[in-house]
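A.B. asks: Chains Y and L are the protein sequences, given in the same order. Quick note on our numbering: the first sequence kicks off at 1 and runs consecutively. Quick note on our numbering: the second sequence kicks off at 1001 and runs consecutively.
If you are wondering where the hints come from, they were derived from the structure by calculation, not from laboratory data. By construction, the Cβ of each residue, glycine as well, lies at the ideal position given by its N, Cα and C atoms. Do not rely on the hints blindly, as some may be mistaken.
Partial list, computed: chain L residues near chain Y (C-beta under 10 Å) [unchecked claim]:
id, residue
1, 1005
2, 1080
3, 1215
4, 1281
5, 1283
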Amino acid sequence: MKLYAQQGYGTGSGDNDRIIAGLEGGYIDGAIISPKDYALDRTMAQLQRIEAEFPEADRLFDPQWYASVLAHDPDSRMGKLVSDDYSYFEARRRSQLETENQVRADLEACLQFQAELPVTSVIAPGIVIRQRFNSVEAVIAKNYLRNARDVWDSVGDGRPLLGTLAIDAEALQDRHALEEFLAEITVLDSPPNGFYLLVHQPTSEIPSELIDSRTLAGWMLANHSLSLNGFDVVNGYSDLLTPFLGAAGGVAGATGWFNTQKVFSLDRFAPPLPGGRRPVPRYLSTGLINSIRVDEFQLLRGRFPEIVNGLATDDYYAPEEGSMPENQVEEVLQTWEAIKSLDPTGQAEPVAACASRVTEATNLYERINLSPGMRLMGRSNGDHLESIYLSLRLFAELAEIDL
Amino acid sequence: MQPPKLSIAELAPLFPQFSGLQEIGSGGFKTVYKGIFQGNPEVLKVISIPAPDDPKDNAQIRFQEECIARVRREVDILGRCQSPYMVKLASVLLQEEVVNGFTYSIYSEEFLDGSDLWKLIKGKAPFPSEAEAKQLMRCLLEAVKEIWSMRFVHRDIKPANVVKLNDPARAFVLIDLGIAFGLLETGLTVQGVPCTARYLAPEMGNPAFRVNLDYRTDLYTIALTVFEYSAGQHPIAKDSDDPIRTVTRALHEPPKPLADLRPDFSPDFCKLIDQLLKKKPALRPANFAWLIAQTNI
């Protein structure tokens, strides 16, 4: 399974360009560029540089069209999306999108724009299905999917087309509605080559349980069903869940350096809350299938060497330096390498392999928690493992496979 | 009221151009006769159209009209099909005849000189090779692809509706469009659902199945047919079960893996058949081009 950089605010430049560093290290397989925080000249320069220096890498551009329905709000934060740079982007009211002509016009503008970019695949615009699968939003989202191929064939070239499929986490929990929705989109008459699959959460905060088990099971089912039907599924903002989505059939996942690049939420287009602090650096332990604070890592690594990944980027977390990486570039490289190393897709039974790994992580947490003074708290604790394990069980049931 | 079967003596005067008429099969409301027309064998299909017991009963009248419409639809679809893997219409165009006060819809199809797969399975014919199983699958996929191009779903693909021919260009041919006749097969159908219980796609058990029905229902029954022909047994149903039990199994019981019964088949082919037998349509691969490519030998 491939892993992409989910580009966003704070990409860095020169030696501190996180994407270039990730590609140089072989920790990522490509990048998904987002325009909100990146002017067009930087977008173009970045894509051209990747093309020149890493010709094998995948280059995608997320048009972030799903934000168009929020752009009428004067308090929204659309960033560079509403500059002259990204001419395809316009505010839309939902009622406007109920007409097919508008949908096709939006597709045409957005795909024509992308046709000029040195991307390896284009991403058709779409909106978030924030309600249920039988909502007006779902009908609009399907209309974008139904028309994307035809429009791209008329304005584009032979590059693969991905349709945006952005679904609210809660909607994914309705298994019957999800199954019907998947049954419908897997037999579109003129489908795209694949899907850019996003799962919308109410906020970009990462809870200790990581994700609701029903949501992850539904997300995995979508990957499974779409991949069975020959579609490439690129999961945006999938972060630590990437390996599980790969086990279900996804071809790629993506994550970045800030929470807003690890979790897909429209709240990033809302005004920022005051009082934000620079987060404490974290270390993603494959043994725990979780990231823990560097002070926790420093405390635990001697007594529980299993939490150390044994990967090249461990060098950035030297014990003599308090396991503190020098900068955020090193932190994200460590995250990418750790997630890549969890890839189960080479296994004969990838879902079962994931379940075994979760069981091992649960056992490791238990041993840590039994040690005096060693209990991991908050986001570092093992709450997420039960949720993931339940997800795997539920997914196996939904996908009719043995676990 | 179900009209009685036509005897040869009653049928022959209606089709004087045919010689050597003989009944070769019947089921439900349908009787099939073989005859010779201009030196070539053909099959006359005679469908007994149920007559209302009460001529003022609108429901019964509607049912009669629906039966006639279903026959017309089947013949219309067959007439438009170009696939060599679908049975062809022959010299007698669809006509309605009244005999002894009863209505019959009659038309003719080409005579297929072969045995249906059900007879071969029950006759303990040698198990097919993987190459033959793939050939069967390819023929059925091509047929369903064409039917779906007209936005129809067969809904009654089963071994009894597939004839094996001794012709490499038409190794297997699909007969009988279930969409037209399933409802009429009183002994085999499930309360208003036009399909055969033993070959019921799970989604047909949903009362709202018409809303989302598509050709993946046929992909499921293709896989059932290939499985049963390959392994000599049904992956889910048991011969001793009553129809209710059969339907319950179809809805809830996982199928046997084909590899358990045909370990000599390639794992990829077994996996494909198993995947097409998933209960949820969205879990069945549905890309025709890809599916047909998997049947390459």
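A.B. asks: Are the hints correct? Go through all of them and say.
C.D. replies: Status of each hint after checking the structure:
Of the supplied interface hints, the one on residue 1005 (chain L) is violated, with its beta-carbon coming no nearer than about 41 Å to a beta-carbon of chain Y, more than 10 Å. Nearest Cβ of chain Y to the Cβ of residue 1080 (chain L): about 19 Å, over the 10 Å cut. The hint is violated. Because the smallest distance between the Cβ of residue 1215 (chain L) and any Cβ of chain Y comes to about 8 Å, under 10 Å, the interface hint for this residue holds. Restraint check, residue 1281 (chain L) versus chain Y: the minimum CB separation of about 5 Å is within 10 Å; hint holds.
At a threshold of 10 Å, the smallest CB-CB gap from residue 1283 (chain L) to chain Y is about 6 Å, leaving the interface hint in force.
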